[in-house]
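Those protein sequence lines, which keep their order, are chains A and B.
For the first sequence, position 60 (counting from the first letter as 1) is numbered 60 according to this note's numbering, and the numbering increases by one without interruption.
For the second sequence, position 74 (counting from the first letter as 1) is numbered 74 according to this note's numbering, and the numbering increases by one without interruption.
Misleading hints may appear alongside valid ones.
[Claimed, not checked] Listed below are the simulated SDA-like cross-link pairs for lysine to any residue, each with C-alpha atoms no more than 20 Å apart in a straight line: (1) K42/A / T7/B; (2) K36/B / G41/A; (3) K22/B / M46/B; (4) K18/B / M46/B; (5) K22/B / G41/A; (6) K40/B / R108/A; (7) K36/B / D85/B; (8) K71/A / P42/B; (9) K71/A / A24/A; (10) K42/A / K40/B; (11) K41/B / L8/A.
[Stated by the list, open to error] Below, a sample of chain A positions facing chain B; criterion: calculated Cβ distance under 10 Å: (12) P44; (13) F46; (14) D49; (15) T102.
[What the hints assert, rightly or not] If you want the footprint, here are the derived chain B segments under chain A, 3+ residues with CB under 8 Å: (16) 41-55; (17) 97-103.
To be clear, the hints were calculated from the coordinates, so they are not data collected in a lab.
Small disclaimer: the values here were computed from a predicted structure and weren't measured.
Ideal placement from N, C-alpha and C gives every residue a C-beta, glycine not left out.
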Amino acid sequence: GESVGLHLPTLSVQEGDNSIINCAYSNSASDYFIWYKQESGKGPQFIIDIRSNMDKRQGQRVTVLLNKTVKHLSLQIAATQPGDSAVYFCAEREGGTASKLTFGTGTRLQVTL
Amino acid sequence: ETGVTQTPRHLVMGMTNKKSLKCEQHLGHNAMYWYKQSAKKPLELMFVYSLEERVENNSVPSRFSPECPNSSHLFLHLHTLQPEDSALYLCASSQDPGHTEAFFGQGTRLTVV
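Build out the structure end to end from the sequences listed, making use of the hints.
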């Protein structure tokens, strides 16, 4: 039969606008969070990370916000460019088990000209 | 180039075959990982090695057998696989086994027939 893949939510953003990609995590014991970018045909690429003792961290054109109260993580991309088009997914690391990592399903970002 | 090289890029194997996936990292990292990315599920962590010692086995069936002969090389030996094992298998490395700023290879696209 026909295989059905994951249904990824899609965010469509105009070039130059800011993008906000959201992620809900499940484990209140998670102590470390990572955002990855995956372009078609490539492996995931580390973008930015944040530890649970922080609520905001900024990188080059990207900002990650962490709200532990509602177990929510977001990735903000400033001045979105066509090269930002990709699937973005978050990952949470369980505290106390440094190697156990769980990934979200991902969001597809489409940048329109 | 991420500094993590996987071979082969594509592999088709029968259910009775035995094959191996290879990963090599040129980053001087101490930890290496195997992940599975299938069309129907989020990215899944399979195995974690730290200084050639396995530190995480994420309930992976025994038909997948990892080997880490040194900190730069990681193998995934495959035998008697099932069609549902068809997926993109990704290798990554990081300085420590906590997944911090991990670099991924481009993956091996495996098809089991």
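Here is how each hint holds up against the structure:
no. : hint           : result
1   : K42/A / T7/B   : holds (14 Å)
2   : K36/B / G41/A  : holds (15 Å)
3   : K22/B / M46/B  : holds (15 Å)
4   : K18/B / M46/B  : holds (19 Å)
5   : K22/B / G41/A  : holds (18 Å)
6   : K40/B / R108/A : holds (15 Å)
7   : K36/B / D85/B  : holds (9 Å)
8   : K71/A / P42/B  : holds (19 Å)
9   : K71/A / A24/A  : holds (6 Å)
10  : K42/A / K40/B  : holds (18 Å)
11  : K41/B / L8/A   : holds (11 Å)
12  : P44            : holds (5 Å)
13  : F46            : holds (5 Å)
14  : D49            : holds (7 Å)
15  : T102           : holds (8 Å)
16  : 41-55          : holds (count 8)
17  : 97-103         : holds (count 7)
Every hint from the earlier list agrees with this structure, and none is contradicted.
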